[in-house]
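Enquirer: Input sequences plus hints: build the corresponding full structure.
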Amino acid sequence: MHTTLRLVVLIAILLARPGAGETGAPAAPGSVYVVPIRGEIDRGLTRFVDRAIREAHDAGAVGILVEVSTLGGRLDATLEIRDLLVEARLPLAVLVVDRAWSAGVLISLSGDRLFMLPGTSIGAAEPRPLDPKVLSAWRGELESMAERGGRDPLVAAAMADASIAIPGLVEKGEILTLTAKRAAEIRFIDGMVSSRHQALKSAGWEGARVTEIRQRGLESLSRWATSSTVASLLLSLGMFGLIVEISTPGLGVAGAVGLVCLGLFFGGHLIAGVAGWGGVLLFILGLALLSAEAFVPGVGLLGLGGAVSMLLSIYFTIGGDIHAVRTIAVSMVTTLVLTAGFLYTAVRRGWLRKFTLPFALTTASGYVSTQSHAGLLGKAGVAITPLRPAGVARIDHERYDVVSEGGFIGAGTSVMVVHIEGRRVVVRPAEPDEGHGPATGSARYEP
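Quick note: the sequence shown uses my numbering, first residue 1, plus one each step.
Hint data in this document are derived by calculation from the structure and do not stem from the laboratory. Wrong hints could be hidden among the right ones.
Quick list of simulated restraints, FRET-style, between CB atoms [to be verified]:
no.	residue 1	residue 2	range
1	A165	A288	54 to 62 Å
2	D50	V325	25 to 33 Å
3	V308	P132	51 to 59 Å
4	D58	L285	19 to 27 Å
Where is the CB? At the ideal position from N, CA and C, for every residue including glycine.
Expert: Here it is as structure tokens:
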């Protein structure tokens, strides 16, 4: 466990270092800041874009060039990035370097100038899931940004709404996606350029010093941990690790892996600014309640409360929206599959034998759960102590703890065994023709 903690601390220190290629020195005035937006649009990317714009503003940059290459991502993160770009207070140009699909369309339309490299494309922005309310709001955002840049809002809307038909461009029932050449022909963009240098020249920044902003270690960690696929995987591995640790106590490895995965999940969302410490504390509370349920017998209320607390903490940490519900659902299914696979493999390979007794305690081996008194039924004896109603009687020359069937039986009275209940021997006074007291030895009171 100590080795694991030292490893986690070392990773955190390495991640906290500036990203590769960063000198840490401020850029010279008159420079253009290049901000790459690549991969899935997530909440971690929002933090990076915010820092990049602030650094450009503080350094007195003449403008910002945003390079876009994305297949889409989260709607809330997209809107936050759009707001940051619109409110940048600096001239801003966008260069599509690969694909600007889905969320990438709104980000691309948020600049003052829009350029595309040859072979790139823009469009395919229909929201998922396709809800009429979401579609209406999303279409309005695209149209608004297109109008702001002097572009045809109907073309932007056709990239999200399949009900729009534009003669010669897109048929009804289809989603519009434009190549760089086609977008330039209909003047939806400001031009198709061959390189970043030409884009800077077309934007009026020829000769300006170029400062490319790169993600720092913690920003990369937050982007990685907040992406949909990785977040689901971290949750699944974290919960699976805890389940294995509880099922096979003493190993420590599975529990350590589970805690590291959960730490990366919550830590990444904390760094991205998506969640606060409240979600972490709520998860710890749920874990404590589940642990208490395991050691304190009850009706399951502690376990139920713990499960609800953990689910709520994850829900609010991810963002408290439909995306959070999907992530939790995928994680739960994955965890169940992993757990079932582990149990199946453990049974087949005999791993669980290490945590159970390797032999059986059978009667053939001389082990008995309790001594049987069934052979005493119907036998006579003598009470050697008063039975009030419990006492001691001698039967077959052996002393037994007995209970009288009725009231008081005095010491020295002949008794008959009438009932056996496990180790409980019930007797009554013997009839004259049943008494075999003398045969069992003399009776006397032994306090």
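Enquirer: Tell me the hint numbers this structure goes against, listed in increasing order.
Expert: 3 and 4
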